[in-house]
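Generate the whole structure from the sequences, applying the supplied hints.
Numbered according to our numbering, the sequence shown spans residues 1474 to 1814.
No lab work stands behind these hints: they were computed from the structure.
Derived CB-CB ranges, DEER-like: (1) PRO1548 with GLU1744: 42 to 50 angstroms; (2) GLY1658 with ALA1528: 15 to 23 angstroms; (3) PRO1521 with GLY1546: 26 to 34 angstroms; (4) PRO1521 with GLU1666: 19 to 27 angstroms; (5) ILE1797 with ALA1776: 23 to 31 angstroms; (6) ILE1493 with ARG1544: 20 to 28 angstroms; (7) THR1746 with ALA1662: 53 to 61 angstroms; (8) ALA1662 with TYR1798: 35 to 43 angstroms; (9) LEU1647 with LEU1601: 44 to 52 angstroms; (10) ARG1790 with ARG1764: 27 to 35 angstroms; (11) ARG1804 with GLY1646: 41 to 49 angstroms.
Cβ coordinates follow ideal geometry from the N, Cα and C atoms, glycine included.
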Amino acid sequence: MSLPALMQPQKIRLNEIERIAIRRLYQNLVENIESELRARLLARADLPDVPEFRASLGAAHVAIAWPAFVRTGFPEDPELADILVHRAQSYGVMRNLRQNVVMAENSRLEVLTDHGDRDIARDAMRLLIAESRFNDRFDDPRLGRGDLSEAADHRLVWTVAAALRDYGRQQHGLDGWSLDESIIGVATAMLAEQDDSAPADGIAMALAARLDRAGLLDDALLVEALNSARLTLYVAILAVRSGTDFDTAWEMAAMPDAPSHMVLLKSISMERTAASHLLVAMARAILLDEREADEVAARWMEAYDVVSPNAVAAAMRPWRLGHIYRSAITRFAVNADGAAQ
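If you want it as structure tokens, here you go:
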């Protein structure tokens, strides 16, 4: 998946909410990085003393980086594209879950921040803080630099920095080399001051692993996580219990038109009634058509009742290879098949 393809949604299977969310997430991320770079540039003494250029950098209404991305084409970054798709899809699912599930009061999840194990309490609080960053005050999805890997963060910061350099050269006739020292300086300083907010999925995985070691990852906690629309924790619990990674568990749980969520629940020996509830809840949150969702969930529950342990183990084998490794295997297989034809 690529960023240019994401900006042309007819090439990627996305619904309207996801399409709008992805573009808004990406644009806001770029503009926030640009805003910080511009503020840092204006504070540097070695910035060329060209009043018009300085005035443009200080004018919030003058957009620079995003129009440059639109004009020249969006940079290739499959990792960032995956992050954007995941955040947009999870936003839609969580939004729909909140409309359909019953929120538990005085739940086990709520009291984890006061758990006697200080590490569990700390990670539970860190997850709450990370979850609070998911949406802005208008309940629109939000993505910050702390949600990116270090590599993706570096690529985006340097790309935005290059857009500012190009703007100075193209719009104000500046020598690009004269801008390099100041632009490289602010970008380097910005990246050196790393955002200490870790991605929510990593925090959730750490918490789920601690809860597992403490013997607390039972079926009831998994159901409560989904009932509370704590989707990140729900996926992390599935991942830890099934021996997969977060991306794999998300991919399996987020495909209601395939039996992967059912297989995942069966692999952890989920009690039947609870499994049925989870399949229905996720299907309704993703498909948005209650009748269709219930029919799909009923079909997978029929399979849940008859599928053998050996069949489940065989079905889980490729998923347990890990998301990145499995994707690479698939890419080589597709290329080999194409070359053979």
